[in-house]
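Build the full structure now, drawing on both the sequences and the hints.
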Amino acid sequence: MAFFSRRQLLAGAAATLSAPALLRAADSIRVATLDWALLETLLAIGANVVAGTELRQFREVAVIPAVPDDVADLGLRGTPNLEVLRFARPDLIFNSNFYAWADARMQPIAPVESHAIYKPGESPYMLAEQATIAIGDRLELDAARKLTEELAGRLDRYKATFAAGDGRPVLPINLGDARHFRVFGSDSMFGEVLKRVGLINAWQGATSYSAAAPVGIETLASMPDAWIVMIPPHPVDALATLSASAFWNALPAVREKRVLVLGSINPYGALPAAMRFADLLREGLGHAWNG
1 MAFFSRRQLL AGAAATLSAP ALLRAADSIR VATLDWALLE TLLAIGANVV
51 AGTELRQFRE VAVIPAVPDD VADLGLRGTP NLEVLRFARP DLIFNSNFYA
101 WADARMQPIA PVESHAIYKP GESPYMLAEQ ATIAIGDRLE LDAARKLTEE
151 LAGRLDRYKA TFAAGDGRPV LPINLGDARH FRVFGSDSMF GEVLKRVGLI
201 NAWQGATSYS AAAPVGIETL ASMPDAWIVM IPPHPVDALA TLSASAFWNA
251 LPAVREKRVL VLGSINPYGA LPAAMRFADL LREGLGHAWN G
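Residue numbers 1 to 291, in our numbering, belong to the letters of the sequence shown in order.
Quick caveat, the hints were computed from the structure, so don't treat them as lab data. Take every hint as true, because none was put in to throw you off.
Dumping the calculated EDC-like pairs for lysine to aspartate or glutamate here, alpha-carbon to alpha-carbon at most 20 Å:
{"no.": "1", "residue 1": "Lys195", "residue 2": "Glu149"}
{"no.": "2", "residue 1": "Lys257", "residue 2": "Asp225"}
{"no.": "3", "residue 1": "Lys119", "residue 2": "Asp103"}
{"no.": "4", "residue 1": "Lys257", "residue 2": "Asp166"}
Given below as structure tokens:
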């Protein structure tokens, strides 16, 4: 199967977030969150994070920023362990609209501040920028504004790189199984990155401020000119099953080696996820275009 390997694409993305931004001040405000987009934001700007949810899975899906070993795991995002949260002794809890139901339960533990990054009809990139700056100002962390500026500058530079490419549209997808996928539209974080670097999103159908799911694998035949960009995590056996699929191997993108498999990225991420996607995509398409 004509994939560019994940290993090929990771070398250039190792420096996605500068090391100083990941350093925590032990005496700074102790913060916690249930939301992964806010968690990656807090970690990226060097906040003193003391608790988060589903940390093992976060490390596998988001990959970066790294989660320090001493951050307490609150368990599932939908049913966080409030006793563990209490023992973590946060001074401030950041929450999002996804988990607003938990505000009243967490307020006796510490003040709760909410920031929405995914809202219908609004740009997740702009909301992530606003949230990053607001959180940075609240915690007095200059790294927040530096992160927004670094990412904006990087996307501008990548726009020139992509302009020298083959001009084909890009289809960012995540496999549900060998017969279905989620596709990320113009209103997703990945879709916003494509727009900001001057690439066309091959998916012009409707989505719901992140992704449309599930879409039948046969839909790929309607976009024969696109680069198929696969964003893990995928089910373990999905890629192996696709490799043996006559339909899959007959697709023009597969025959012409226009399939990229990136490293895992948080699909509901914030600016760190946007940066990781942009870095991996530039690395992958760069390898492909330059042979």
